[in-house]
Every structure is written in structure tokens, then in C-alpha cells.
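K.L.:
Here's the letter readout for the chains.
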Amino acid sequence: MAKIVVDVMLKPEIRDPQGEAIAGACHRLGFAEVRAVRQGKRFEVEVADADVADADALAIRMTELSAELLANPVIEEFTIHGA
Amino acid sequence: MAKIVVDVMLKPEIRDPQGEAIAGACHRLGFAEVRAVRQGKRFEVEVADADVADADALAIRMTELSAELLANPVIEEFTIHGA
Amino acid sequence: MTTRVGIVTFPGSLDDVDASRAVARAGATPVPLWHGDRGLRGVDAVVLPGGFSYGDYLRCGAIARFAPVMADLIPAATDGLPVLGICNGFQILCEAHLLPGALTRNAGRRFVNREVRIRIENGQTSWTAGYQPGHEITVVLKSGEGRYVADQRTLDELEASGRVLARYASGNPNGSARDIAGVTNPAGTVVGLMPHPEHAIDALTGPGTDGLGFFASILSALADA
Amino acid sequence: MTASAAGEAGHGLVTAPDTVALAARTPDRAQPHAELGLTDAEYASVGGLLGRRPTDSELAIYSVMWSEHCSYKSSRVHLRQFAEKAPPTTSLLAGIGDNAGVVDIGQGYAVTFKIESHNHPSYVEPFQGAATGVGGIVRDILAMGARPVAVMDALRFGAVDAPDTRRVLPGVVGGISFYGNCLGLPNIGGELAFDPCYSGNPLVNALCVGVLRHQDLKLAAARGPGNQVVLLGSPTGPDGIGGASVLASASFGGGGETAKRPNVQVGDPFMEKLLIECCLELYAAGVVVAIQDLGAAGIACATSELAAAGGTGMAVTLDLVPLRDPSLGPAEILMSESQERMMAIVEPGALEKFAEICARWDVPATVIGEVTGTGRLIATWRGEVVVDIPPESAAEGPLYQRPLRRPAGQDGRLADDPAPLADAARSGPGLADRLRADLLALLGSPAGADKAWVTEQYDSYVRGNTVQATPHDAGVLRIDEETFLGIALATDGNGRFCLLDPYAGTQLALAEAYRNVAASGARPLAVTNCLNFGSPEDPEVMWQFAEAVRGLADGCLALGVPVTGGNVSFYNQTQDEAIQPTPVIGVLGVFADVRRRLASGFGAPGEQIMLLGTTAPEFGGSLWASVVHCHLGGRPPAVDLAAERRLAEVLAGAAEAGLLSAAHDLSDGGLGVALAECCLTGADGPARSGDGIGCTVDLGTDPFTALFSESPGRALVAVRDGQREAFARLCAEHGVPAQPIGFTGGDELAVAGAFSVPVGELAAARRGTLGELFG
Ligand SMILES: Nc1ncnc2c1ncn2[C@@H]1O[C@H](COP(=O)(O)OP(=O)(O)O)[C@@H](O)[C@H]1O
Ligand SMILES: [Mg+2]
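Residue numbers (my numbering), protein chains in the order written: chain A, 1 to 83; chain B, 1001 to 1083; chain C, 2001 to 2225; chain D, 3001 to 3775.
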């Protein structure tokens, strides 16, 4: 069983009010060293070994999956690990 | 400027309906090889270099921040990268 | 002197007006408490109302837990001050570890706004003394993160010690463990409830008056004390 | 235009800051006016009125302010009719031209309401597009000095099973739910319709209503030279730069979508909630001279409109604008559409108090300039003047009399009468079974289906004043607990009727919203509208638009309800394919005592059911023709606005006298659908779809026409026991035909001599449709 991790973050130019609010909370809590926070999503995808020919094929499939479903290409970008 | 990444995932014993729904969607989209998906959060925290004494101090602070604010230990666990 | 019930307004609190109205309907004096102020203005009990405190960014209730007013509320609640957390207030109480467990995304993944029937399981807390155990009432559920979760041991303990306050009685609308709609602390003073009794105090604007009992209960609980 | 052109144009504005002095010295420098959406003639006229070429910042201002979206340049010549044909009224405190119309409802209270589109952004990024649509209309209402008290949403999507709809609908509903719920505004109603014409062009129209005391009314006019210009709310970022002209006004076509994608604005309802409470506290403290929301065209729009309305000048220092992205240049700062911002005019002596209140709400507030007596809008950046214009020239914009042409296919459409289909349906064997099957088909169709999948995602209870919400005919709010004044609101539109006849179709939409308000027991008082059309550069679309506006203006005059404001959304088309003309009409009504409102469901068994109004065999554009035969043609039902007015009188009178226990208007699907809805809706409580009460009715010799015709001007009522005579008298007094058709009770909807359906089966037919499609 392969575990693939897909990290999805808002594109840098897209505003992240959620991250801004968290950064504000960090400061109120005394974590003054925090300059900025951006919040994204992390997907852990389990793939059956038997179902994928090789690492390259897996990487291609996971890229497809991320672009189609896990990330919203209009506002997000993704990176894949472990494939 | 240091960039710390904090990954927060639901503990394995906590059900993740979001992840389950995504796994279902994967199948409908033809990604039959996907066995399971879990969705968590990824925080990218920017910390000013000048504000932290050294890497160890930074790691301690980020662990505090994660345990107190970024993750809820009742249902979530976290890992820190880049500190 | 009338009973004074504090209603905390966090940035992003929404049902504070409704909670105040319910407190007044029950015959108590609502006292506004501001998130950024210290001190509890000598109130006899506190309601943490529904809404989206601090936008509920991160996790519901996670940021509100650290508000200045909470620095006084948490020790007071530990010492026996009656506190009712409704919806977001329940989430805040869990985040503050005044109540066990946590509230997570609904099993159906969408926000649910619906009238629900709940069964009062414990009629002895400061907030439910006016109800008989087993009494079913109609209130309003409106939340996106209302699925109560806790580990098996905690759940068993809650059941064994009668700390399950109320359960959903007309189907489980959000996937909560064991149909739990609300829980209480061991003393029966700190209570969290996911649906909204304050929206069920007037047949003109809600599904009836079943929810008034929560606010009437605290009055009699304090009068008896 | 292409992606790179937009990008380079934007980029050029940053890297080469252009000043008024430079513009005077370099009259011939080429400027990207076409990429910014200005025609050659418009560009030339900017040069003419400035007496030199514009600076890049000025060009940015004119390009957004003169866009269709901001300037109404194609629609203004038509919209004038709303004023010219306005019925006499004393209840309008502010009207067209202000941020939103304001209506006196008595006892010192006023209500302000408006509906606005966010169609294109919701197609590009459904969640954020719809969310920021709600945010925008709420700020409009807030800017009038009112507390926003509720929202509604009128939604239209492509075919229900189209992949596009599957992407767009859940996102749009999620965005409205996220933003509205987080803001603490109850959602009290709306619409949900599907038609393939909206594929690629969904309509997302959001309405907000607010309440104020008369003396709290704020108008957006910068008066008093020396007064300070304060920007409050979120910092300014690169969001939606050029959005007003590029995103909101350009039609989609081959590959253009990707070019616009970076222009997504992200909403922060939490900040908006703080902004609302902060502004209300500022108003209460009396420290606001005037205020304007920042929507399309951001600071450019707010500064020029405030100064133009005040007949003053304004000087702002763009370096003072708090930025989220320090690399923004002056043109971008002016054009940014960052959300959750307002601009206030404040007397210098009140600044301290103003700042104190903002600090309490954690709302950033910054003085960026002051009101002047120069009659010029001047902006400086890094010590240089980058804008120096007469503000009214930007605020007013050009005016076009676009060519009109009655569509070539119009006669063919009208001639394609569904009467033969109806004749066939009426005769032949198995009539009873077919009637039953057709009714269930209508109830299971996306248009007739239960909307709970959508509406359950909306909070309808917050603030505790919601008397009725979905699924009642109108949303009903209590104004306060002392006076028990109340208001009712409904929105309606019908693209099918409007395609067949935009004049009549618009009046039908108006009549339906008016009737929905009346059916709740309120007295209709005022109108808002959102006009969704294709490209104004297409003469056939422009004809549809002109007819619709004429129909609405004439209709409002006939009904005695003024148009108080609205919004025009053009360019809803994919290449040459325009949407059906879709004016969405909102009607506001008032209750002297909201406890007298009427529910739209049966509340008790054994009550007499009466059908009010006249039924003719009218099937053109009907739901029956659409669902059962995929047919769209013929004439829409004939409108009789005098009859609508009489019906409304009867309903309001009966409500006030307590004669009725329920009233429900007849619209899509006719009597059959209305009866089923009455059985399922129940009597009380918002958002309630109880177990239901059945009924038995006798529909005479032509049950087919009785069940499915969509003749307007009709309503179904349940008369309280002991009030039948009084009600009959009231109907007679107003000349409203009233026909007893049966009684409530039992657990079936039974049509005597024809068929019956258990109430549970009605519910099942309506319930599954949306859930199965959208998961
Ligand atoms: N998008 C929506 N948001 C909120 N309420 C909606 C929406 N769509 C439909 N509704 C509600 O569902 C009910 C039925 O809608 P509809 O059949 O369009 O009513 P009508 O035909 O009487 O105008 C109404 O109460 C309406 O307000
Ligand atoms: Mg209706």
C-alpha cells in the first residue's frame, strides 16, 4: 500500500483570511515571532500497490487526481509527495 | 525568514467524513486505485529569524503553538517540519 | 434582586441577541459581557451564545477560548459558576476543556438548519432542572460542525455518570457519537448543547416554546441555591 | 482580449507610475485603453474632458467607472421610465441612484432593500463568487445607515444534470451559506431554477434587507470641505483588479475563462460582521457625515461617487491606504476590489471618537484624505499628483442608445402554441392516471422539487425575528417586539415567459412576487429588480431588455408600487448564445401586525378550501408543457394587474380580519403543485415541512386545465371555520371570483372523481430530486 501526500495551498496571490485570523490569534497568545500564517489542506491518499504499474504511472495518476478533484485550479496549487 | 510547516491530521480513530466523501468521488471519477483518503490541514508559518535564538528554541516554540492553538489534542495530532 | 445572566459577545457571536431575549423572557436580567474585558460583572450565570467567534477560522471555538473574558470565566466555571454553551458556545467549552470531547464537521459535510427533537436525558443540571428525564422537546439545530466525538472511554464514562445531557430523538442529523446533542460537567453546572433552545421560546418566530425551560431552569436552580 | 494583454496592462501601470505633469508633457504616449475596455471614442472623450491625455491612474478610473457594470451606459436611457412612470407615493425616503431604496413603513421605521447580481464571478469561482456577492449587497444596505436583517438568494443554473451545474451549484450554495450564516443574517427565501440556457451563465442574485429609524438614514454624499475621508475595514490587496471592467462585463468565449481566473476575490465574512457592528455603533455615536461601501471599482468608485454626490472635491493620498501587498501601484490601489471595506466622511473633531469605536471592534480605520471645495478629485502618490479629474465625469459615464431589433424567431415562438398538446391531454382514455402521473412528474422535476437540499444550508433563525422563511410564499420578519410591525419579501423571475414575451413576462414576474407577498397577508409597498440579460450590443437582446423595462415600469404604475432600485447584469451569454431574458423582481410588503401573517400550508383539517381568481386554459411557457413535453412556445398567460391588485386587497384584508388560516399563491405548475405544497408545508414555523394535512377537492369538468393551467392572479386559501360568510362578502366587495373547491383533511390529496395521492407520496416525489443529484 502506497501512501501519497498531496498538499494543497491557496495560490500566493489569493487572499487567505483564515490564515490572517490565525496569525492574529498567534500574536494575542504571545507568539509575536509569527509573521504570517497560511492555511492549506493536506490529503493522505492510500493507493493499492497492485493497482499501479510503477512509480511514474502513479505520479501521473496522482497529478491527474489532484488537478481534477483535490485542488481547485482557479485558486489553489498542489504538490505531491511520496509518489 | 524561516518557514515552518505544521501538518495537522485527525487521529486515526476519529472518523473523517470529508476524506470518505473524497474517496467516493475518486471512484466515481475512475480513480479505482484509491483505497482511502484522509483530509487534514497544513499550516505554513513564517517566523522572523531575528526573533528566535536557534533551531532548538524555534522547535520548542512551534511545538507549543501547535499543541495550544493549531491542533486540538482531543481529536488531532500534528507534525512539524522545517524547524 | 433579579438573577443576572451574563451573555458573552465574542467578535463573530451571532445569537447573543437571541440568548439575551430568552434570558429576559425567563425573567432574568441579561448582562452583556464583552470578550475583550476582564471580569464577569458579578453575574450569577453565563451563556456562551452561538455564532462564529473569530470567524471560526482554524477550528470552531479554538480562538475564542483564549479571549480575555475566558481567563476569568474558566476558573469561575471550574468553581461552580453555571455556564451554558450553545452551539459555538459548546464548541468553545470543549476547546477550553471545560467539557470533554470535540465537535467536528457534520457527517453529511454540509451546514444543517433544521428543527430537531431532542430527548433530555439528565433533568438535574442547573440548566435542565425544569425538564423531566425522557422529556422530548423541539429546538433548532443550525451548525456545520456539530458532530460530537470523544474516545470510547470518555463516551462510556459520560453514559455511566449520567453526563449525557440530551440526545437527538428524530434521527441523527450530524453523525454525533451515540446521538449526543449535549453534555454536562460532573457537577451539572457547565452544560454544552449543540441545538438552540433560545430559538424555541416563541411560536411566532420558532417551533414553539420548548426551549424556554433551559432559561427557566437556571432561575430556579439559583433561587434554590 | 487575452490573458497577456490584461496582465501586461496591469503590470505596466505598476512599473511606470504616471503623473499628471508627465501626462501633460507626453500627450502622445500610447495607452492600453482598449485592453481596459474603453472604446476609442470613449478614450477620446476622456482626453477631451481633461484637456490632456489621462494618466494611467485616471485611465484606470474611467475604464472601471465607465464599464457597463458601473455606469449603466446601455441601460440608463431605459431605466428612466421607473422614475417617469413612478406611481405617486409618499413612502420613499431614498430611491434609484442611492445605494439602495429606502421605504417608510411607519412608526418611525424605514426599510431598505436591494437585489444584485454576482453572476460572472460565481461561474469562475462559485464558492467565493457567491460569497462575495452576498458580502457586496449587505454593504450596500449597511451604507444606507440600516442594520442588515436578512438575505435572500435567487439562483438559476444550467440543466440539473449537466457537469457544469454539478460544479457550480454546490459551490454557489456553499458560498452563500458560508458568508450569510457567518454574518448572522437569516436567509428568508429565494428561488432555484434550472434551464440549459444558464449553463455557463449561472445567475446568482442576492438580496439584502435592512431596517433603520428615519433619522438614521445616511446618503453617500461627501459634504463639508475639511471633513476627513476615512477608509475602514480590510487592507487593500491585489484582488479583482480590473474585475469591474473585465470580470463583470466581458462575455465568456473561446478560452477567455483562464485569463480571468486570477481575478478571484476572497470573502471574509468575519471581517464583514465586525464592519457591520462597528458601522452601526459609529452611526449611533453620530460621528459619520456620509458613508459609501466599496464594491466594484473600489476606491476609484467610492471617492468619485462621494465627491460627485456632494458637489465637492476630494484629495486623497494613496500612500496612506493600508496595503496587504506593498508592491501595488496607484492605479491598482484605486481599482482593487478587496472586500469588506467602507469609506466614511468624518468631521475632524469626531475622528478620535471614530477611531475609538473602530479599535473596539478591531476594524482598521485610516484617514486617507479630505473633502475639498475645489470640485476636483485629486489623488497623490509618492508626492506626485496622479489623478486630477472632475469627479462627476467619472461617476456619470457615457450614455448609449443601443439599437433594438425584435428577434427574428419571436413570431415563430409565439405561434408554437401548446394548445394542441393540452387538447390531447384532456381527451383520450386513462385521463385520471395521466393527471396523477403528470402531477407527480411536476413535483419531482427540479423546478417543483423540495428545495431543502439548498435551504437547509442556510440559517433562517438567527436574530430571532424570522416569522416565515422557506418554504412559505414570502419571507416574513418581525421588526421589533413592541410594535409588531412586520415586513414580507418575495423574489420571482420566469425566463420562459420572458423569452416568449419580455413585456408580459416581466409583468408576470412582478405580479408573482407581488402576489406572494400578498398571500402572506402583507400589503405590497415597493419593488427592487435585478435584470439579467445577454449582450447589450446584440440588438435582439437589447429589444428584450427594453421590453422588460417597459413592462416593469408600466406594471409598477398599474400596481401602485414604485421601483426603489435595482441592478443590471448584461453579457450573460456564451459566444452568441444569450440566456433567456431573466428579470428577477423583488417585492416588499408591510404588516401593521405581523402576528396576523398567513402561512402557506394547511394548518387544520375540516377547513374550506377556496380558489380565488379566474382560470383559463393557459399553457404557453408553463411548467406542465416544459416538464411533460419539453415544450416552450405560445403566448404566456395573460396578465391582469387590476385583478392582481384586487386579489391582494382581499388577501391583506382577510389576514387582518383573521378570516383565513392559510393562503398560497398559484404559479409554476398551477393549482396541482400549489395544492401539493399546501398539503406539505404545514401552518407554522419557519423552515418547517411537517407531516402535512391532506385535502379533497372537486375540480369540475376539466380537471386537466384546473390542475395545470398557469393563469396568474390566483390564490388558494383555507377559510377558518365560522368565517366563510365574512370571507365571501369580502371577495364580493372587491370583485374577486372565489370558488369553494373542497376541504382540508385526511392524509391524501384527493381530486374527486379522478385520483388521489397519499401525502407521503407527494413528499417522496419532491424530496429525493436534488439530494440524489448533488449528494
Ligand atoms: N435559493 C433559495 N434560497 C432560499 N429559499 C429558496 C431558494 N429557492 C427557493 N426557495 C424557497 O422555496 C420556496 C418555494 O420556492 P418557489 O417555488 O420558487 O416559490 P414561488 O413559486 O411561490 O415563488 C419559497 O419559500 C422560496 O423562498
Ligand atoms: Mg409562492
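Just so you know, these hints were derived from the structure itself, not from any lab.
Being a predicted model, the structure only gives us computed values, none of them experimental.
Yeah, the Cβ is synthetic: ideal placement off N, Cα and C, and Gly gets one too.
Treat the hints with care, since some could be wrong.
Claimed, not checked - Calculated from the model, a selection of chain C residues having no Cβ within reach of chain B, i.e. all distances over 10 Å:
1. A2076
2. E2095
3. R2105
4. R2109
5. H2135
6. D2156
7. A2160
8. G2175
To be verified - DSS-like, lysine-lysine: derived pairs with alpha carbons at most 27 Å apart:
9. D:K3073 / D:K3085
10. B:K1003 / A:K41
11. B:K1003 / A:K11
12. A:K41 / B:K1011
K.L.:
Where does the structure disagree with the numbered hints, that is, which hint numbers, in rising order?
P.N.:
2, 3, 4 and 8
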